[in-house]
Amino acid sequence: MNGLIMSILVDEKSRVVVQGITGREGAFHTRQMMDYGTAVVAGVTPGKGGQTAEGVPVFNTVQEAVDKEGVNVSCIFVPPPFASDAIMEAADAGLGVIVCITEGIPVLDSVKVAAFLKGRNSVLIGPNCPGIISPGKAKVGIMPAYIHQPGGIGVISRSGTLTYEVVHQLSAAGLGQSTCIGVGGDPIIGLDFVELLKLFGDDPGTQAVVLIGEIGGDAEERAAALIRQGYGKPVFGFVAGLTAPPGKRMGHAGAIISGSKGRAEDKIKALEEAGITVIRRLGEFGQSVAQTLKA
Amino acid sequence: MKLHEYQAKEIFRKSAIPTPNGQLVTAVDQTAKAIENVKGPPWVIKAQVHAGGRGKGGGVRLAQSPDEAVSFVRSMLGNPLITKQTGPGGVIVHQVLIEEGVDIDREFYLSMIIDRAMATPALIFSQAGGMEIEEVASRSPELILKEHVNLVTGWMPYQGRKLVHRLDPPLSPEPAKALMAIMANMVKLFTSHDCSLLEINPLVTTKDGKVVALDAKLNIDDNSLYRQKELQALDDPREKEPLEVEAEKFGINYIRLDGNIGAMVNGAGLAMATMDVIKLAGAEPANFLDVGGGASQEMVTKGIEIILKDPRVKAILINIFGGILRCDVLARGLLEAARHTEIRAPLIVRLEGTNVEEGREILKNSGLEFFVAKDLAEAAELVAKQVS
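One line per chain: the protein sequences are W and E, in this order. Position one of the first sequence corresponds to residue 1 (our numbering), numbered consecutively onward. Position one of the second sequence corresponds to residue 1001 (our numbering), numbered consecutively onward.
No lab work stands behind these hints, which were simulated from the structure alone. Think of the CB as a built atom: it goes at the ideal place given N, C-alpha and C, for glycine as much as any other residue. There could be a bad hint or two in this list.
[What the hints assert, rightly or not] Covered, in the sense of this in silico footprint (three residues per stretch, anywhere, with C-beta under 8 Å from a C-beta of chain E), are these stretches of chain W: (1) 34-42; (2) 88-98; (3) 134-148; (4) 246-255; (5) 272-283.
[To be verified] What follows is a list of derived Cβ distance ranges for each label pair: (6) W:Q207 / E:S1388: 37 to 43 Å; (7) E:S1138 / W:G174: 22 to 28 Å; (8) E:K1188 / W:G119: 24 to 30 Å; (9) E:S1296 / W:T52: 27 to 33 Å; (10) E:D1105 / W:K198: 37 to 43 Å; (11) E:E1284 / W:Q229: 52 to 58 Å.
[Stated by the list, open to error] Derived lysine-lysine pairs resembling BS3-like cross-links, with alpha carbons at most 30 Å apart: (12) W:K248 / E:K1177; (13) E:K1084 / W:K269; (14) E:K1162 / W:K118.
The following block holds chain W by itself, in its conformation from the complex (with noise of 0.2 Å):
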């Protein structure tokens, strides 16, 4: 792409709406994206149409938003209850990015979400994650901006403080990133590391891709699946929770051994049978990326 520096699904054409705009983590988090550069260009609280917030103005519903701001991301900060309506009023509008950062959605919910995505054009970020940066250009979500550097790693993590440690590794050793995605802490889910492989392979801007797993579910398997089929493009791995005990949620809803399944050992070796990097030592995470992709 004649050195462009690319990424995915979120740049400096983002047109970004905050839901739950007036809220206290959402009035933070707009005036950080802003900060960084982001294109936050209105807001939506149902009630509070015709105010405005953080200096944008604020709609009564996301279509409004869409008629009058011409935005094409959502980013949902609503609480649980009302964050599965948020999310399929986002989609309805036609936003092409959803990311929903709200923790503790009931899953029948998500289900219910699931189901109402299909066969739209919208992609779902989340929920219960840190969101979306392409860094340079754009940043919806809730992690540190100062920690990011552009170039061309793709990451694809399904925690938020774990990746920002990474990328912060990832920074310091001098590799700079294309984007970086929280795919979310919960058992049901958007977008999921199989569907960002693919989009990171298609990136003419992506190098080469970490991806940070952690214990329940099966996504570091079907990821591993993809790549045995042949990537073309280096993939490194970490997967959290070798010493968690089965039958207890480890914080985040999806995070939980069921029986023998979803066990860290049995990813790892999902990832390293597929010719992915796994590396064990958290600390040591960045420079041995770097070293492998020199040598």
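Since the structure of chain W is provided, determine the placement of chain E on it from the hints.
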């Protein structure tokens, strides 16, 4: 949130899923009365604890006489029950369910879960009931049948027919009909009660042609408790670690483990990874503790106090990647904890992220003794030194 078997069975009965008649006792002297009300002998005496594997651990006994029933109840109540899921100390039995014995013809397995990859609930049925389903899954996976549930249509009758008419040998018409009705009722129960797991193992046909749920497991999705208030009232905090209950009150995720290195971390993924760092350094984590991505100073203080209440803790690793939680807030929370509680174990602190310089400065000037690690690799080394 987990329910006890007797609580789940009450909900089953209201949902038209037949169970044996039974009565709960909480003291040995209630046994005689209970036995009068419940048909027998034989009676089935079942310890009510959340842990699985009760049968093998001696928590399920068959009493052939009233005297035997009393002696089984006495042996269970107030005593620890040790199963492969409880850990070596076991859990104390506070309640015992006395049920009528059932004349079993065939045993089945029926459960409902959320299929994560398919993003939909699924019903799981097997004719290999009464065994551990994991064992069936690994030995004869062809015996495990799965039907996904479409929430728009709900459970459709054909799905029941599809599962039941595959049985070999076939069921006679009456129990077949009853079994299909139970499947439909189970799906309704799952969705109306926001379950994360429903399990009947075994679900049996009796010699007189009835279908009965002999066991019942029912877990509620914690995220739904705000709209399942009646179910929330069924929570039994006696089943949990006291420190876990205390942490819950402050919105802290704490899980007790077997080691001696306490850990406090912000964020669940980083907390798990930090436990792994401790293990790779040659030590064992004493706990999982996630103060949350946006923890307050008070939560940090409380987190340290909870870790220190565990007498096994020999050192504490604090690993904070400040995002929303700023490092200066963390540092102030630590000092506040030190004011109220004696910090009796060495503290290894690794801070990074928002306001990290200010946080480190506060710790340096506090007069308290900390080992400050510049990164995770160094933190791991410091942990290793503490245990060597």
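Here is what the structure says about each hint:
1. A count of 0 residues in the region 34-42 of chain W with a Cβ less than 8 Å from any Cβ of chain E is obtained; the coverage claim is therefore unmet, three being the minimum.
2. Counting residues of the region 88-98 of chain W whose CB lies closer than 8 Å to any CB of chain E gives 0, which falls below the minimum of 3, so the coverage claim is violated.
3. Only residues whose beta carbon comes within less than 8 Å of a beta carbon in chain E count, and the region 134-148 of chain W has 4; three or more means the coverage holds.
4. With 9 residues having a Cβ less than 8 Å from any Cβ of chain E, the region 246-255 of chain W passes the three-residue criterion, so the hint holds.
5. Against chain E, the region 272-283 of chain W contributes 4 residues with a C-beta closer than 8 Å to a partner C-beta. That satisfies the three-residue criterion, and the hint holds.
6. For W:Q207 and E:S1388, the hinted distance range of 37 to 43 Å is satisfied, since their beta carbons lie about 41 Å from each other.
7. Here the CB-CB span from E:S1138 to W:G174 is close to 46 Å, at odds with the stated 22 to 28 Å.
8. Distance hint check: the CB atoms of E:K1188 and W:G119 are about 27 Å apart, consistent with the given range 24 to 30 Å.
9. About 29 Å separates the C-beta atoms of E:S1296 and W:T52, a value consistent with the hinted range of 27 to 33 Å.
10. Hint check: E:D1105 to W:K198, Cβ distance near 51 Å, so the stated range 37 to 43 Å is violated.
11. Between E:E1284 and W:Q229, the C-beta spacing of about 39 Å breaks the proposed range 52 to 58 Å.
12. As the CA atoms of W:K248 and E:K1177 are separated by approximately 37 Å, the hinted pair breaks the 30 Å bound.
13. Proposed proximity of E:K1084 and W:K269 is supported: the alpha carbons are some 26 Å apart, at most 30 Å.
14. For the hint linking E:K1162 to W:K118, the alpha-carbon distance of about 26 Å falls within 30 Å, and the restraint holds.
This entry does not satisfy hints 1, 2, 7, 10, 11 and 12, going by the numbered hints stated previously.
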